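Peer 1: Sequence:
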Amino acid sequence: MKCETLDWQESYPYTVIIIIIVVVLVVVIVAAAATVVVVVVVVVVVVVVVVVVVVVVVAVVVIAAAAAVVVVIAAVVVVVIIAVVVVVVVVVVVVVIVVVVVVVVVVVVVVEVIVVVK
39 MKCETLDWQE SYPYTVIIII IVVVLVVVIV AAAATVVVVV VVVVVVVVVV
89 VVVVVVVVAV VVIAAAAAVV VVIAAVVVVV IIAVVVVVVV VVVVVVIVVV
139 VVVVVVVVVV VEVIVVVK
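One rule links them: number in my numbering = place in the sequence shown (from 1) + 38.
Hints are not guaranteed to be accurate.
Have a look at the derived ranges for each label pair, beta carbon to beta carbon [said to hold, decoys possible]: (1) V130 to V98: 31 to 41 angstroms; (2) V88 to V153: 50 to 60 angstroms; (3) V141 to V75: 52 to 62 angstroms; (4) V54 to V90: 31 to 41 angstroms; (5) V75 to E150: 28 to 38 angstroms; (6) A121 to A97: 53 to 63 angstroms; (7) V118 to I57: 25 to 35 angstroms; (8) V81 to I135: 14 to 24 angstroms; (9) V109 to I59: 48 to 58 angstroms.
No wet-lab data here; the hints were simulated from the structure. Note that this is a predicted model, so its numbers are computed, not measured. All C-beta atoms in this analysis are idealised placements derived from N, C-alpha and C, irrespective of residue type, glycine included.
Put together the whole structure using the sequences plus the hints.
Peer 2: Structure below.
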């Protein structure tokens, strides 16, 4: 039985395919990481804003002793927090969907190229 080895010309298309896959995956991972960093920064900013609002509310309560104002402002703060959480969840879900779609497209393209090369 003869053992066949690939020379450079035969293995070149596979090398190009592997390089393309690695580059695409690195770009996708970097984009996902950047998105996560942006989401974390947004969450931190929102938390800081909420803390400042709460401190201002407490100061207003101490100065004016207006219980009704506290209830309204607390309700607004809760609504803002819920909205931020929803936005963060939507962004994360969109990032995950985009990463999955890109990976699936890359796999399909690679399979098609391998079939064509063969």
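Peer 1: Decide, hint by hint, whether the structure agrees.
Peer 2: Status of each hint after checking the structure:
1. V130 to V98: 31 to 41 angstroms: 35 angstroms, holds
2. V88 to V153: 50 to 60 angstroms: 54 angstroms, holds
3. V141 to V75: 52 to 62 angstroms: Since the Cβ atoms of V141 and V75 sit about 21 angstroms apart, the hinted range of 52 to 62 angstroms is violated.
4. V54 to V90: 31 to 41 angstroms: 54 angstroms, violated
5. V75 to E150: 28 to 38 angstroms: For E150 against V75, whose Cβ atoms are near 34 angstroms apart, the range 28 to 38 angstroms holds.
6. A121 to A97: 53 to 63 angstroms: Since A121 and A97 have Cβ atoms about 24 angstroms apart, the given range 53 to 63 angstroms is violated.
7. V118 to I57: 25 to 35 angstroms: 47 angstroms, violated
8. V81 to I135: 14 to 24 angstroms: 20 angstroms, holds
9. V109 to I59: 48 to 58 angstroms: Holds - the Cβ-Cβ distance for V109 and I59, about 57 angstroms, lies within 48 to 58 angstroms.
When each numbered hint is compared with the structure, violations occur for hints 3, 4, 6, 7.
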